[in-house]
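S.K.: In our numbering, the protein residues as written are 507 to 695.
Hints may be right or wrong, so weigh each one.
To be verified - Mimicking PhoX-like on lysine-lysine, the simulated pairs with C-alpha atoms at most 25 Å apart in a straight line are:
#, residue 1, residue 2
1, K621, K572
2, K657, K565
3, K551, K572
4, K551, K565
These are calculated hints, taken from the structure and not from any lab test. All values reported here derive from a predicted model rather than from experimental measurement.
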Amino acid sequence: MFGGGTITAIIIVAIAAYAIVIYNGLVRARQMVQEAWSGIDVQLKRRADLIPNLVETVKGYAGHEKETLEQVTEMRTRAQNVPAGDVAGRAAAESMLSQAIGRLFAVAESYPDLKANQNFAELQEALETTEREIQMARRYYNGSARELNVKVESFPSNLVANTFNFVQADYFELDDPGDRAVPQVSFNS
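Please put together the full structure from these sequences, using the hints given.
M.R.: If you want it as structure tokens, here you go:
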């Protein structure tokens, strides 16, 4: 019924079709990573836009905390100057910025008038909301990156990935020592 050449042609067409399906899956996974990164980027820009207002508000009440204010501004600038596509560099810079903002809020605790200021309270709430949004976007991005990375590494999709130069995506990890620290509990009053 079928000759040897026909069977060979059917096998070649089937393999080519399967390779196309794998290729399209890799493209889709890469696009999901890029879309997820844009979600992180939007939230990071939102946070960066809030920082100048926060610094100005704190300056009005705690102007002599110049070093802390300068650190926040410097870390913001550093985070904004990370080259596009450098996920690890951006994560490190954003982690340092988060730590500087944390120090700024710790300084604010020493100034009751500042804590009572409506503008400061609104900025603090906006930053806290943005931090939660960053975490959600980070989880989505890392899930998308994991999906792409599995496809790039696993057989047989790794054959197609290597042929068409698909590479693994870096994870966006904010290295906050506070996230890994064991909380200290004291029962002494």
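S.K.: Next step is simple, just say for each hint if it's right about the structure.
M.R.: Hints and how they fare:
1. For the hint pairing K621 with K572, the CA-to-CA distance comes to about 18 Å; that is within 25 Å, so the pair holds.
2. Among the hinted pairs, K657 with K565 is inconsistent with the structure: their alpha-carbon atoms are about 50 Å apart, more than 25 Å.
3. Restraint check: the Cα-Cα separation between K551 and K572 comes to about 24 Å, which is no more than 25 Å; the hinted pair holds.
4. The straight-line distance between the Cα atoms of K551 and K565 is roughly 22 Å, inside the 25 Å bound, and the hint therefore holds.
Comparing the model with each numbered hint stated earlier shows that hint 2 is the single one that does not hold.
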